[in-house]
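Asker: Sequence:
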Amino acid sequence: MAKAWATWRSPELRAALVETSVSRYHLSPADAERMRDEELRAARLAWEFHLALYTPSPDANDLERPDTLWRAVLELPDGSRLEPVQVIALPKTEKSRVEYPYVTPWTREYSLIFPKTGGGADGAPVLWLTGPYGTMRFDFGRR
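-9 is the number of the first residue of the sequence shown in this note's numbering; add one for each residue after it.
You may find that some hints are simply not true.
FRET-style restraints, in silico, Cβ to Cβ [said to hold, decoys possible]: (1) Pro46 <-> Arg24: 23 to 29 Å; (2) Arg24 <-> Val116: 15 to 21 Å; (3) Ser86 <-> Leu17: 16 to 22 Å; (4) Leu17 <-> Ala114: 18 to 24 Å; (5) Tyr92 <-> Pro1: 39 to 45 Å; (6) Pro46 <-> Glu23: 25 to 31 Å.
Computed list of lysine to aspartate or glutamate pairs in EDC-like fashion (alpha-carbon distance at most 20 Å, straight line) [what the hints assert, rightly or not]: (7) Lys106 <-> Asp27; (8) Lys106 <-> Asp68; (9) Lys(-7) <-> Asp68; (10) Lys106 <-> Glu2; (11) Lys(-7) <-> Asp49.
The set of hints was computed from the structure by calculation and includes no laboratory data. The beta carbon of each residue, even a glycine, is placed where N, CA and C say it ideally should be.
Could you build all of it, start to finish, from the sequences and the hints given here?
Answerer: Take a look at the structure:
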């Protein structure tokens, strides 16, 4: 059985991460504004998720490969479904363990990027991950 944890890099989360970086790294006002603009632009262009995945077999933890047995689908509030345009395997860093405390030595980290289309762009999405070790559903509805 696989285990996974996901975080939607929503506009609100991006803003919070920027403010944390500005404070921790004592960024100049110009650098802070540049970082805010980059994150806002990224949030407008795509749905992005940080995913940490554990599989019993390390060979099955291969979301970034074109021939992976896993399938990621994003379900939007209007019912439309999207496939990722990019899946990036992320390097392990201490910073990611702070920002995403569910990351462990046994998980692999990914960035899943889905295109923002006109439909369903205003609500909270549902991320599905299906593969050889099960199906996982991540509901990002605001409560």
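Asker: Now tell me if each hint is right for this structure.
Answerer: Evaluation of the provided hints:
1. Pro46 <-> Arg24: 23 to 29 Å: The hinted range 23 to 29 Å is violated for Pro46 and Arg24, with Cβ atoms some 43 Å apart.
2. Arg24 <-> Val116: 15 to 21 Å: Since Arg24 and Val116 have Cβ atoms about 33 Å apart, the given range 15 to 21 Å is violated.
3. Ser86 <-> Leu17: 16 to 22 Å: Cβ of Ser86 to Cβ of Leu17: about 19 Å, so the range 16 to 22 Å holds.
4. Leu17 <-> Ala114: 18 to 24 Å: Once the Cβ atoms are compared, 30 Å apart, the range 18 to 24 Å for Ala114 and Leu17 is violated.
5. Tyr92 <-> Pro1: 39 to 45 Å: For Tyr92 and Pro1 the Cβ distance comes to about 21 Å; the hint is violated.
6. Pro46 <-> Glu23: 25 to 31 Å: violated, 45 Å
7. Lys106 <-> Asp27: holds, 18 Å
8. Lys106 <-> Asp68: Cα-Cα ~13 Å, so holds.
9. Lys(-7) <-> Asp68: violated, 28 Å
10. Lys106 <-> Glu2: holds, 17 Å
11. Lys(-7) <-> Asp49: With a Cα-Cα distance of about 15 Å, the restraint between Lys(-7) and Asp49 holds, given a limit of 20 Å.
In summary, the numbered hints that this structure violates are 1, 2, 4, 5, 6, 9.
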